[in-house]
Amino acid sequence: MSRDFEWPEFLFLLGALRWTIVLSLIAFVGGGIGGLVLAIARTSSHAILRWLAATYIGVMQGTPVLMQLFLAYYGLAVLTGIRIDPWPAVTLAFTMYAAAFLGEIWRGAIQAIPRQQWEAAAAIPLAPTAQLRHVILPQAFRIAIPPTVGFLVQLIKGTSIASIIGFVELTRAGQLIVNVTFQPMVVYPLVAVLYFALCWPISLVALRLERRIDAALGIKQHS
Amino acid sequence: MKYVFQFGIVWDHLPQLLQGAWLTIRLSLGAFALGFVIAMLLAFLRTAGPRPLRAAIAAYVEFIRNTPFLVQLFIIYFSLPAIGIRFEAITAALLGMSLNFSGYATEIVRSGIEAVPRSQIEAGYSLGFTRLQIFRHIIVFPALRTVYPALASQFVLLMLGSSIVAAISAEELTAITNTLQSTTFRAFEFYFVATGLYLLMAVGARLLLHAIYWAVFERARPVERGWSR
Amino acid sequence: MPLLALSSIHKRYGSNLVLDDVSLDVETGEVVAVIGRSGSGKTTLLRCINGLETIDEGSIAFDGKPLPPGGSELRELRRHIGIVFQSLNLFPHHSVERNITLGPTITNKLPLAEARKIALDVLREVDLEDKLHAYPSQLSGGQQQRVAIARALAMRPRLMLFDEITSALDPELVGEVVKVLERLATSGMTMVLVTHEMGFARRTADTLVFMHQGRIWEKGPPRELFAAPKTPELESFIRAVLEPND
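Which chain is which? The protein sequence lines are A, B and C, in order.
According to this note's numbering, the stretch in the first sequence is residues 1 to 223, in order.
According to this note's numbering, the stretch in the second sequence is residues 1001 to 1229, in order.
According to this note's numbering, the stretch in the third sequence is residues 2001 to 2246, in order.
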């Protein structure tokens, strides 16, 4: 007793796409805050802060996101003995993941500023906070925007993994529809197209931004 | 916290975990090899082929890079059988990983090709080389040297991303860990150890790749021994 | 009392002795040109003067007071010492005017209107008052260096340091910068320049310092040193650098 893939099924996919977007945005914003903290810690003069941030980033970047998700969902549930709702587990896992990657991107941006700029600012003289605020961070910010936007695409694609623990985002919705329509040949390519429609424009924006910033600053980007 | 850690159970099942890790490694190496060959071919055609082919390759790359790996896997494993193409889980995993990798690797290799100075290529033309000869003798080695770090990073991403093939039940490390934790109810311990294994593999891979770079690209070419001319 | 007093400076990079017992006094209004091959330690010496590099032995005194090791005291001292580097001086994301007003408004805590007036004044001194609202990427190399000089002058320094500021410029742009340097020297500014501009050194510098292997090899009025170098190293250096008909 199977259904045909028709308009209601497509709307169900669109509804789930909404959750993909929401999850991605939450992780992006949360990860952004965490990433900023990490980047500043990573470039600070205190060795302990640098080490802590580097270790966190190293572990998050050296392990699969899926494992991080399992630990947050099944692992935490078993540890605390209470059943964890998919939403908090998923947002926690993806936020921590995003923070590590964004932190690394922004650290790279700060370190891409030529040493001469730090020295010129210090020689005027400007105090260290003023150096950061008026000279370093504005330039780092502009350098960081294209890869940050590019990472948003990675994040959106990454949320598809949440389907594996049953969280109903776009990919899981696709699985559910296939289970009742028995038409994987239609549904999964369509799911792919929906992701593409969401991600590709963002990728293009990131590319445009990268080219524009290269031109405006007149300095070479380190990529 | 009332939970009592029992890592001993994980230790008992270590051989199975290592078995899964071994498949992870084999899948990653295989996908890298296959994906790299595809990428080299596509990168060459992207720069030197006819215009419609170049557009097709660009479209392929954009598709891979803007859709999730999991969905690509589902298409290969679930959608293709509907038109008669059926793969085993491991084959589908390998194919999916290779194609996915090739999408990123093509762009990486292409940027390496474009980084080779124009004057070198023109020197090749003036020596009467064909396009293929120029590619093989002038472009390949310097291009690879330039993009080696990016490719190495991509390999580590590939290996970590292989965990996703657990979704189609390929018996690599993640799938095995899932099975074991569900039968022993030691979710935290198993996931923790498996994560540690992945970290070990990632760190090990990075070190190995670093050593390979040093051995292949950094070291001066050995002087030819033997008879003198 | 000399404005700047360097005594027995020693500095090591690892096992390398980069500065070897360097002593130099600079009087107010004096123009000192430091020349030498690359690796002779001349740039390092300059960077020690405003604390960008640290020294291992010896002392540096500005206006009779020793150079502070760091922090707000060093910052206070740097208000009186201006420096211009070989390149990448200007902040590319700020206009020329903002580049210049940053120091006066933030560190000297002047109101923006007054800082803007200063900016216009110093730009006039380097012949670039029409570039007030331009961005660094819109300027030629020579113009960028002149703006860098203006930015340093806006803090009303008592000593100006120049680290090979024309070395990275296309030849036809060097003249406009040298003209500004000469004007500055005539106005009585105390200047220490690491330079390859032998013409400028001969015409305008009061003292020529030739450095070699981390030491001051020869020191004296430029005309004397050029006419009669006492050491073969200076002689070969002059021959290597000077144009035959200069």
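Don't read these hints as lab results, they were simulated from the structure.
All of these numbers come straight from a predicted model, not from anything done at the bench.
Hints should not be assumed to be uniformly reliable.
What the hints assert, rightly or not - Quick look at which bits of chain A chain B covers, simulated, 3 or more residues with Cβ under 8 Å: (1) 33-45; (2) 143-149; (3) 175-186; (4) 195-204.
Positions of the beta carbon are idealized from the N, C-alpha and C atoms, including for glycine.
Hint-by-hint comparison with the structure:
Chain B is given as covering the stretch 33-45 of chain A, and this is violated because 0 residues of the stretch bring a CB closer than 8 Å to a CB of that chain, at least three being needed. For the stretch 143-149 of chain A, the stated coverage by chain B is not satisfied: 0 residues place a CB nearer than 8 Å to a CB of that chain, which falls below the threshold of 3. Restraint check on the stretch 175-186 of chain A versus chain B: 5 residues with Cβ-Cβ distances below 8 Å, three needed, restraint holds. Look at the stretch 195-204 of chain A against chain B: 5 of its residues bring a Cβ nearer than 8 Å to a Cβ of that chain, three or more, so the hint holds.
In terms of the numbered hints stated before, the structure departs from hints 1, 2, listed from lowest to highest.
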